[in-house]
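Trainee: Chains A and B, in that order, give the protein sequences.
First residue of the first sequence? That's 1 in this note's numbering, and the numbers climb one at a time after it.
First residue of the second sequence? That's 1 in this note's numbering, and the numbers climb one at a time after it.
Any given hint might turn out to be false.
[To be verified] Below are the DSS-like pairs computed for lysine-lysine, each with C-alpha atoms no more than 25 Å apart in a straight line:
hint: 1; chain 1: B; residue 1: Lys128; chain 2: A; residue 2: Lys69
hint: 2; chain 1: B; residue 1: Lys67; chain 2: B; residue 2: Lys306
hint: 3; chain 1: B; residue 1: Lys83; chain 2: B; residue 2: Lys123
hint: 4; chain 1: A; residue 1: Lys69; chain 2: B; residue 2: Lys123
hint: 5; chain 1: B; residue 1: Lys89; chain 2: B; residue 2: Lys222
hint: 6; chain 1: A; residue 1: Lys102; chain 2: B; residue 2: Lys67
hint: 7; chain 1: B; residue 1: Lys89; chain 2: A; residue 2: Lys100
[To be verified] Okay, the calculated bits of chain B under chain A, using three or more residues with CB under 8 Å as the criterion:
hint: 8; region: 42-56
hint: 9; region: 88-99
Bear in mind the hints are in silico, worked out from the structure with no lab data behind them.
Here the structure is a predicted model, which means the values were calculated and not measured.
Ideal Cβ positions, reconstructed from N, Cα and C, are used throughout, including at glycine.
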Amino acid sequence: MSEIKLTSANFEEEVLKSNQPILVDFWAEWCGPCKMMGPILEQLAKEMENKPVKIGKCNIDENQDLAQKYDIMSIPAFKIFINGQVIEEWVGAQTLEGLKAKLEKFYN
Amino acid sequence: MAEQYDLIIIGGGPAGLTAGIYAGRRDLKTLIITKNIGGQAGSASWVENYPGFEKVNGFELMQKFQKQAENFGAQFKYEEISKVEKINKHFLVKTVTGNEYQSLALILAFGKTPSNLEVPGEKEFTGKGVAYCATCDGPLFKNKIVAVIGGGNSALESADYMSQIAQKVFLIHRRNEFRGEELLVERVKSNPKIELKLEKVVTEIKGDKFVKEIIIEDVNTKAKDSVKLDGIFIEIGYSVDASAINDLVNINEKNEITIDEQCQTSLPGVLAAGDVTNIKFKQIVISAAEGAKAALTAYKYIQDIKGTKEAIFDWGKK
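Could you put the whole structure together from the sequences, leaning on the hints where they help?
Mentor: Here it is, written out as structure tokens:
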């Protein structure tokens, strides 16, 4: 499984109605630290392949409605959604191991 | 049992990645533990002074460094370290997620991180109006009122950049003159959208769900004032977070690791390179070179403790 590309069109289906916890990375092309997270998210999605969690990325330039709805003021911004609700959120670059540890809480 | 390596490099910026290239070429079993690829250089929009590249995106350049290190066998773990210890002849590196790695030699190359203001409200409102990267978060403050804190080049550049996006920019600095380049200072001073507030320090950041105002204090009169705004960009420079290594090696008054010409720290087997050290200029090309030096010194050290035959170095016989 690779990261799911989230847009205004599929956000409801993939995130809000998801029956698994999903980590969403809000990012933009012009943000250096966001680009640095790219390979880390890719690796995370690979390592979480057989786990009951999903990984998604949402480009806030292309989906400004979502950026506004979720009050994105600093990127990269990460939010974990469960049953359509934001359960945990944080901003700024994260490590692979840090993200794994945060996700593991929700299925172990 | 912790995983064993010849060399562990902490940090994945220009210094750490270059050390990885050189260590890999010397066939050392090398692990690079880093929070990300590129460090400060990786978040630079454009790099125009790295030889061989006329103009390149910082992260793309750093990915090339990484690829090269990987090609020579360096392994990567994306983690944050919590503590480094010396146990007998080995070094034990512990990470915040509880993993442990062990090596014969160590290169510290974890660079610098943006300094915090350390005022009430700063932590609480990070990501809710408090930001540390104008090029990242600037576009999210379109037509808003923001303040930039600081007086160096990065603060001046941020204020200049934000004036193209925001409705109004306050530039707040604790001194009455700036430390930045003349041209930039003139540009900021003559910009009608930027209001200077000099000899003022921020004492508190307030708001509800988001930042709404900051309290500033005059450094001379101690008079307090409130500034209503939507965002605050903290650009007061970078510092070394030495908490994981400060009882292992000597550091100077700026928390920088003090090294000799061969990148050796006060503890044999521990080398350091790049912005984390007391080397004066903080540049990609310099950090890369320092990383190479550290790796070659580490190689020599590892040869010695392993009792391996004298090897031929890039600069000739030792």
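Trainee: Indicate, hint by hint, whether the structure satisfies it.
Mentor: Against the structure, the hints come out as follows:
no.: 1; hint: Lys128(B) <-> Lys69(A); verdict: 14 Å, holds
no.: 2; hint: Lys67(B) <-> Lys306(B); verdict: 29 Å, violated
no.: 3; hint: Lys83(B) <-> Lys123(B); verdict: 24 Å, holds
no.: 4; hint: Lys69(A) <-> Lys123(B); verdict: 22 Å, holds
no.: 5; hint: Lys89(B) <-> Lys222(B); verdict: 55 Å, violated
no.: 6; hint: Lys102(A) <-> Lys67(B); verdict: 28 Å, violated
no.: 7; hint: Lys89(B) <-> Lys100(A); verdict: 32 Å, violated
no.: 8; hint: 42-56; verdict: holds (count 4)
no.: 9; hint: 88-99; verdict: holds (count 4)
Figure legend: structure checked against the earlier numbered hints; hints not met, in rising order: 2, 5, 6, 7.
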